[in-house]
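K.L.:
Please arrange chain B on chain A, whose structure you already have, making use of the hints.
Chains as they are written, first to last, in my numbering: chain A, 876 to 1173; chain B, 328 to 662.
Treat the hints as calculated values from the structure; they're not laboratory data.
Beta carbons: idealized from backbone N, C-alpha and C, even for Gly.
Please note that the accuracy of each hint is not assured.
[Said to hold, decoys possible] Simulated restraints on C-beta separations:
{"#": "1", "chain 1": "A", "residue 1": "Pro932", "chain 2": "B", "residue 2": "Pro461", "range": "55 to 61 angstroms"}
{"#": "2", "chain 1": "B", "residue 1": "Lys469", "chain 2": "A", "residue 2": "Asp899", "range": "48 to 54 angstroms"}
{"#": "3", "chain 1": "A", "residue 1": "Val1004", "chain 2": "B", "residue 2": "Ala422", "range": "44 to 50 angstroms"}
{"#": "4", "chain 1": "B", "residue 1": "Gly413", "chain 2": "A", "residue 2": "Arg1010", "range": "42 to 48 angstroms"}
{"#": "5", "chain 1": "B", "residue 1": "Leu351", "chain 2": "A", "residue 2": "Ser1060", "range": "46 to 52 angstroms"}
{"#": "6", "chain 1": "B", "residue 1": "Lys469", "chain 2": "A", "residue 2": "Pro1121", "range": "57 to 63 angstroms"}
{"#": "7", "chain 1": "A", "residue 1": "Val988", "chain 2": "B", "residue 2": "Glu492", "range": "47 to 53 angstroms"}
{"#": "8", "chain 1": "B", "residue 1": "Leu351", "chain 2": "A", "residue 2": "Gln1119", "range": "55 to 61 angstroms"}
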Amino acid sequence: MTDTAIPPGTAPTEEFAGRSLWADAWRRLMRNRAAMASIVILAAIALASIFAPWLSPHPYDEIYWDQIDAPPNFALGHYFGTDSNGRDLFVRTLYGGRMSLMVGLVATLVSLVIGVAYGATAGFIGGRVDAVMMRFVDVLYSLPFIFFVILLTVMFGRHLVLIFVAIGAISWLDMARIVRGQTISLKRKEFVEAAVAGGVSSFNILRRHIIPNTLGPVVVYVTLTVPQVILTESFISFLGLGVQEPNTSWGVLISEGARSMETTPWALIFPATFLAVTLFCFNFIGDGLRDALDPRDR
Amino acid sequence: MPPAAPLGPSPLLSVRDLSVHFTLGAGGLFSRRKPVLLRAVDGVSFDLRPGETLGLVGESGCGKSTLGRAVLRLLPSAAGRVVWLGQDLAALSTAAMRQRRKEMQIIFQDPLASLNPRMTAGETIGEPLKTFRPDLKPAEAKRRIQEIMAKVGLLPQQINRYPHEFSGGQCQRIGIARAMINDPKLIVCDEPVSALDASIQAQIINLLMDLQRETGLSLIFISHNLSVVRQISHRIMVLYLGKVVELADRDQLYRNPRHPYTQALISAVPIPDPDLERAKQRLVLSGDLPSPLDPPSGCRFRTRCPKATEICARLSPSLLEIERGHEVACHHWDE
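Same shape as in the complex, but just chain A (with noise of 0.2 angstroms):
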């Protein structure tokens, strides 16, 4: 490489297109077949979740009593077959997965701004405020989980903001853990040193040069947390302490099909091959990430 001072009117006029990290991240997306599969997958997946009515033509909730645990029938529709109060079981798993990909999305989102926000500022400000802030994260991840929704759902009773909060609660926890130890590699670094001679602010600091070059392992965890916060809110209502009848989601349906697996086996296992497919679309999608944003971890 030469490092030569080009003399002015030598060189092209037209300004150079940069190549950001992102855009050479994305480019290695791009090549990773698996990664790639699972994100049309899932984009199918979550396209025929927000266009349930229209794909069938039975609503989630009607009840036929000559169909009472029928098994899957094309000529009337019921592509999935029915459940044991003679729903039609494929229009309530696409809106079972509108309910468990909007849990996994929002607690996701939620755990993200909470888990950035809290990491950064304790990892930055550092001493004894880093050392209390994650204290009480110690606190509560301590807390036993299924007795932390227990508890909620006897006080407030069963409601679905409860399992945002119950959920948010908890999977925020490890986001803060892991964008505050970027965030102390990242402080010392020398651009946040030329940045605080600069005489840029330490919020501007946080904004401009920590929170964006903590994204890539964030960006990946998000991609392994919301498959995790399906699980777990499948799991709270396969305790039947979730969503409520007759809304529904993957968890609920599971729970149902599986209780009745040697008669109506099609009632566990649409269900279960959808949480499962969505599942690994997400592990394989942030795997593909993760190469991707750091390739030499590889």
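P.N.:
Then chain B, alone, in the frame of chain A:
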């Protein structure tokens, strides 16, 4: 040759008895370990005139970089004063200090690490501008950024490039452009060329000297490379374990070093002539740098000094002006 230093009587910067201490081993909330005090910089005083370059040399771990950062208040000082244009910087509030930062900048050793990998060259260079001149229109800010890029030898068209698309020397030029964009009065150069190859070192040194000639800025130039320091500095300060051992004009220091440590450093500089190099008498120091956690009593250099006597263990030598502008901290300077 560095540009001729102006003889302005009033210093830009006066440092008096500056000390920087680090507390090591301070544990968490409930730790009962006793923290250890490390005196990284211990009672350093000097003046810097406008347009002057002060070279700071010494072994690694002697407090050069710490001193440079403490002058800019990037590190808190334990004692002493840093007076900038008649104003004590330690007395300023955080907000007032932030305003002052427009006038004093720093460039770093590792050119790539000193640039945010997620920001383009233009964003990096323009950040101090945006901080101090938020009123500037984007087009005007861009014009100034491209102007400074051209001045430091970058192509203005490279404004949208990211750090990983530049070479090490180019990254250092970006760092210099960022330091220069607000027309500072002082730049602390913390080993700015030690990570670059020799040919690029010379270019960066020449660039710094050109900028100094044009804008009259002062430099504090930190390096362990005596040839480089000799080329750029007007005056040179030699540090050993956080204390000044000798301070003199460049030519004076090279012609007539009085402190045994300075003599040893200068005799270690290779001469690019094999005959002279073979004939020269080297003053080789024995031993390693003692731990700064537990410095020797009296003169800190006595454990490695060929001239050490009994007084050196008892009494720490103070800086003595043996000639105009030539200060030495040694009991045996005239032997």
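K.L.:
Each hint needs a verdict: does it hold in this structure or not?
P.N.:
Hints and how they fare:
{"no.": "1", "hint": "Pro932(A) - Pro461(B): 55 to 61 angstroms", "verdict": "60 angstroms, holds"}
{"no.": "2", "hint": "Lys469(B) - Asp899(A): 48 to 54 angstroms", "verdict": "25 angstroms, violated"}
{"no.": "3", "hint": "Val1004(A) - Ala422(B): 44 to 50 angstroms", "verdict": "21 angstroms, violated"}
{"no.": "4", "hint": "Gly413(B) - Arg1010(A): 42 to 48 angstroms", "verdict": "46 angstroms, holds"}
{"no.": "5", "hint": "Leu351(B) - Ser1060(A): 46 to 52 angstroms", "verdict": "19 angstroms, violated"}
{"no.": "6", "hint": "Lys469(B) - Pro1121(A): 57 to 63 angstroms", "verdict": "59 angstroms, holds"}
{"no.": "7", "hint": "Val988(A) - Glu492(B): 47 to 53 angstroms", "verdict": "32 angstroms, violated"}
{"no.": "8", "hint": "Leu351(B) - Gln1119(A): 55 to 61 angstroms", "verdict": "58 angstroms, holds"}
Going down the numbered hints, you'll see the structure goes against 2, 3, 5 and 7, while the others check out.
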